[in-house]
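Trainee: Each chain, letter by letter, is given below.
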Amino acid sequence: METQIKETQGNVVSIENPGIVAPANWQPVIMGILCNWCSYAGSDLTGTSRTQYPPNIRIIRVPCSSRVDPWFIIKSLQTTADGVLVSGCHPGDCHYIAGNYYARRRFLVIKKLLNFVGYHENRVQFSWVSAAEGPKFAKVVQKVTDDIKKLGPLHKYKKENLK
Amino acid sequence: MARVGVFVCFCGANIADFVDVPKVIEETKKIREVKYAIEYKYMCSDPGQQMIRDAIVQQKLTSVVVAACSPRMHEKTFRKALSDAGMNPYLLEVANIREHSSWVHQKDKKAATDKAADLIRMAVAKSIANEQLHEISVPVTKRALVIGGGIAGIQAALDIADARIPVTLIEKSPSIGGRMAQLDETFPTLDCSQCILTPKMVDVASHPYIELIPYSEVIELTGYVGNYKAKIRKKASYVNFSNCTGCGACWLKCPVKVPNEYNMNIDKRKAIYTPFPQAVPNKPVIDAEHCTMLLKGKCGICAKVCEKGAIDFKMQDEVIEREIGAVVIATGYDLWDPKPYEEYGVGRFKDIITSLEFERMVSANGPSGGLPLRPSDGKVPKNVVFIKCIGSRDESKGIEYCSKICCMYTAKHVVLLHHKVHDSHAYVFYMDIRAAGKGYEEFVKKAQVDTAATYLRGRVSKIYKKGDKLMVRGEDAQIGQVVEVEADLVVLATAITAPKDNPALARLLGVSYDKYGFMSEAHPKLRPVETAKAGIFLAGCTQAPKDIPDTVAQASACAAKVCGLFAGDTMKKDPMISKVNTEFCSGCLNCIQVCPYQAIVEEEIPMGHGSKEMRTVSKINEGVCQGCGSCVAICRSMAISLAGFTDPQIINEIVAI
Chain A
77 METQIKETQG NVVSIENPGI VAPANWQPVI MGILCNWCSY AGSDLTGTSR TQYPPNIRII
137 RVPCSSRVDP WFIIKSLQTT ADGVLVSGCH PGDCHYIAGN YYARRRFLVI KKLLNFVGYH
197 ENRVQFSWVS AAEGPKFAKV VQKVTDDIKK LGPLHKYKKE NLK
Chain B
1250 MARVGVFVCF CGANIADFVD VPKVIEETKK IREVKYAIEY KYMCSDPGQQ MIRDAIVQQK
1310 LTSVVVAACS PRMHEKTFRK ALSDAGMNPY LLEVANIREH SSWVHQKDKK AATDKAADLI
1370 RMAVAKSIAN EQLHEISVPV TKRALVIGGG IAGIQAALDI ADARIPVTLI EKSPSIGGRM
1430 AQLDETFPTL DCSQCILTPK MVDVASHPYI ELIPYSEVIE LTGYVGNYKA KIRKKASYVN
1490 FSNCTGCGAC WLKCPVKVPN EYNMNIDKRK AIYTPFPQAV PNKPVIDAEH CTMLLKGKCG
1550 ICAKVCEKGA IDFKMQDEVI EREIGAVVIA TGYDLWDPKP YEEYGVGRFK DIITSLEFER
1610 MVSANGPSGG LPLRPSDGKV PKNVVFIKCI GSRDESKGIE YCSKICCMYT AKHVVLLHHK
1670 VHDSHAYVFY MDIRAAGKGY EEFVKKAQVD TAATYLRGRV SKIYKKGDKL MVRGEDAQIG
1730 QVVEVEADLV VLATAITAPK DNPALARLLG VSYDKYGFMS EAHPKLRPVE TAKAGIFLAG
1790 CTQAPKDIPD TVAQASACAA KVCGLFAGDT MKKDPMISKV NTEFCSGCLN CIQVCPYQAI
1850 VEEEIPMGHG SKEMRTVSKI NEGVCQGCGS CVAICRSMAI SLAGFTDPQI INEIVAI
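As you go down the protein sequences, you meet chains A and B in turn. Using our numbering, the letters of the first sequence correspond one by one to residues 77 to 239. Using our numbering, the letters of the second sequence correspond one by one to residues 1250 to 1906.
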């Protein structure tokens, strides 16, 4: 799906629902689901090294990216979030031997499904951040935030909007 | 009704400078379940912890949220504060408002404050769904299994046994000793290898806490840390060890000659043999592949000459079981086969040998009584060329890694050659001299000076025959010229490789191995002795190439780990593991496939109360489970939950903001 950014007097339009225009000071909410051993530790390192990134992300800690049930992603999109970032250990570095491989396969499928029902592909993103990659975590968050900001508020399938 | 207490930390100025803490407290107090919210300069300090303890008692809190630094930092501290106040420590949640807010949004106080308030909302919501958890204690069988009887296995077994913990030491060959027993002298001190090794071998055999099972292998390992069950196959030796005195009459009379592995096939042994005279146990075994009695039913001379009647041609392999709590893998190494070096004429020229063959030749108990001899004509060589990095550091023909010991043993061989053949001259072709280690650089320098050996930096491109000599053509990179050396003997320093059985053994034990076949440690720097599977440890070259001092150090480290594991009668384990609700389990068993630790097994339970019909469900072994949660996400019927990270907890977090 190609991103076509529409703006109405400086406000972003929801890409899935062109009728929905974001308020002027709209800030997206991004749910970040991070594995404890690599990405969460990496995000801590971003903090200890004072690397700045956009404040839109809300971080949830899970033991391993393989713990992330697709339900969490769907629930986030249905309720509070405009986008979701899931991050785990690099391939081969999983603390639990192979969990991130299961996660990777699962997310390929869930992404396709979300695409199929009409979500833009950038709404849900997946990355590998190791415990040593503080700057990379900041870059990933920056990129995801920028992407979601372009997509506008997520209105479609929000529970309160489904009647 | 939940009563949550929220404790917001200033962290000095770390949080307070960038997050409006009073505003956060104000926001937090709006949450219905929050009955108490307070800020303090340093929550982790003793007065800070005392505030938490007091509030738990006075406010009758049902869960606690500390908004401070990362839970990876102080979760344990605050959990302890909770349990000191008589509250279950797992009712704590930490909102990470320092690393995830104040430190990363220093230019936008409002956004950082909003985010901190959100993170607290999430933590409060999660904490409401927290359950009381209790540390799991697992019983421990205090017996260790050591696989491999080389110096690594010997050292580990002795150290564990000296702590009065029973050890079962198994060795696949008829004697313990391993590669070190094949060495003549050891760098950098030129100690006689046998002199320092054989006393240890005898100690193993006579130690009251060591059960030595030679000529055997593990065929199955089940269970989990502290509670493993190993099946060990004792290969048929055809000699009744309890009758045998090791007198040697049988192998003197045996007519069948077989290449001798101990001497790198330079000479022959008999079909009934002990690997070497100092073998422990010093009892012979019959090589079933070559014994004519076992193959064709003819001969039987050994049985006739044995006065004790110890020979038993009807002996069968025997499988025994041992209950053990920990495993030390010490399977050692193999040597790389230099066949791919065709341009050197490996296989065509008899006078090209490997360094271990050279080691056996110069060894006092070797095939030639300690004198190096040319395999082609049996003459003593005068000019000997040593070529290092054969297979090592060679991506095109061999392997990428450095075998670590070749620089040192080649320097040792240069010295040994000089000792044995005084008028000889050694040439060494090398890429780099890697002599990092106590006394190593000094040893190499001394070897170069004392023997006046010619060290040539460069690779050998070709070896060809000229008369009965070998011409070694290579580059001396330091003068930038091609050099040719006339050699009587060429010695190839072949690379260390993982034993070819390592991958099969690793799969059998459930540990991981790398692309070369070396066993993988749990962490390359901080957990170099453990494997990813709890209770299984690594010693020696089975993990990576290393020399004897490093191997012994790692073996002793294994022993310390085993002793630590066995220090109590039970082991404490983190309760954050998965659990199956059999009411919901449909028995699809998808979880078994994704579990990286083989912690899940099938179980048959009755259909209902008193029902005779059975159905299959999953069962998680709490001793093995490490709490990754793979099974939780794969479970279609949502029958599995991971304590500490249950679905309600995470969903609560998601919907809280």
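Do not rely on the hints blindly, as some may be mistaken.
[As the list claims (entries may be wrong)] Below, a list of computed lysine-lysine pairs in the DSS-like style, where the Cα atoms sit at most 27 Å apart:
{"id": "1", "chain 1": "B", "residue 1": "K1356", "chain 2": "A", "residue 2": "K151"}
{"id": "2", "chain 1": "B", "residue 1": "K1653", "chain 2": "B", "residue 2": "K1718"}
{"id": "3", "chain 1": "B", "residue 1": "K1356", "chain 2": "A", "residue 2": "K226"}
{"id": "4", "chain 1": "B", "residue 1": "K1359", "chain 2": "A", "residue 2": "K226"}
{"id": "5", "chain 1": "B", "residue 1": "K1749", "chain 2": "B", "residue 2": "K1653"}
{"id": "6", "chain 1": "B", "residue 1": "K1358", "chain 2": "A", "residue 2": "K219"}
{"id": "7", "chain 1": "B", "residue 1": "K1774", "chain 2": "A", "residue 2": "K212"}
[Claimed, not checked] Only some residues are given here: those of chain A computed to face chain B with a beta carbon under 10 Å:
{"id": "8", "residue": "W102"}
{"id": "9", "residue": "Q103"}
{"id": "10", "residue": "F192"}
[Claimed, not checked] Covered by chain A, per the in silico footprint, the following chain B stretches (three or more residues, Cβ under 8 Å):
{"id": "11", "stretch": "1340–1354"}
{"id": "12", "stretch": "1362–1373"}
{"id": "13", "stretch": "1881–1888"}
{"id": "14", "stretch": "1895–1903"}
These are calculated hints, taken from the structure and not from any lab test. From the three backbone atoms N, C-alpha and C, an ideal C-beta is built for every residue, glycine too.
Trainee: Hint by hint, note whether the structure agrees.
Mentor: Consistency of the hints with the structure:
1. The straight-line distance between the Cα atoms of K1356/B and K151/A is roughly 31 Å, outside the 27 Å bound, and the hint therefore fails.
2. A hinted pair counts as satisfied when its Cα atoms are at most 27 Å apart, and K1653/B with K1718/B does not qualify at roughly 31 Å.
3. Straight-line distance between C-alpha atoms of K1356/B and K226/A comes to about 23 Å, which keeps the hinted pair within the 27 Å bound.
4. At roughly 23 Å between alpha-carbon atoms, K1359/B and K226/A fall within 27 Å of each other, so this suggested pair holds.
5. With a CA separation close to 19 Å, the supplied pair K1749/B and K1653/B stays within the 27 Å bound.
6. The suggested pairing of K1358/B with K219/A holds, with an alpha-carbon distance near 22 Å, which does not exceed 27 Å.
7. A distance of roughly 23 Å separates the Cα atoms of K1774/B and K212/A; the hinted pair therefore holds under the 27 Å criterion.
8. At a threshold of 10 Å, the smallest CB-CB gap from W102/A to chain B is about 13 Å, leaving the interface hint violated.
9. Interface hint status for Q103/A: upheld, as the beta-carbon distance to the closest one in chain B is roughly 8 Å, under 10 Å.
10. Annotation: F192/A was flagged as interfacial toward chain B, and the flag is violated, the nearest CB pair being 20 Å apart, outside 10 Å.
11. Proximity of the stretch 1340–1354 of chain B to chain A, defined as three or more residues with a beta carbon under 8 Å from a beta carbon of that chain, is established by the 8 residues found.
12. Counting residues of the stretch 1362–1373 of chain B whose C-beta lies closer than 8 Å to any C-beta of chain A gives 5; at least three are required, and the coverage claim holds.
13. Counting residues of the stretch 1881–1888 of chain B whose CB lies closer than 8 Å to any CB of chain A gives 3, which reaches the minimum of 3, so the coverage claim holds.
14. Using a Cβ-Cβ cut-off of 8 Å, 5 residues of the stretch 1895–1903 of chain B lie near chain A, which meets the minimum of three, so the contact claim holds.
In summary, the structure is inconsistent with hints 1, 2, 8, 10 from the numbered list given earlier, while agreeing with the others.
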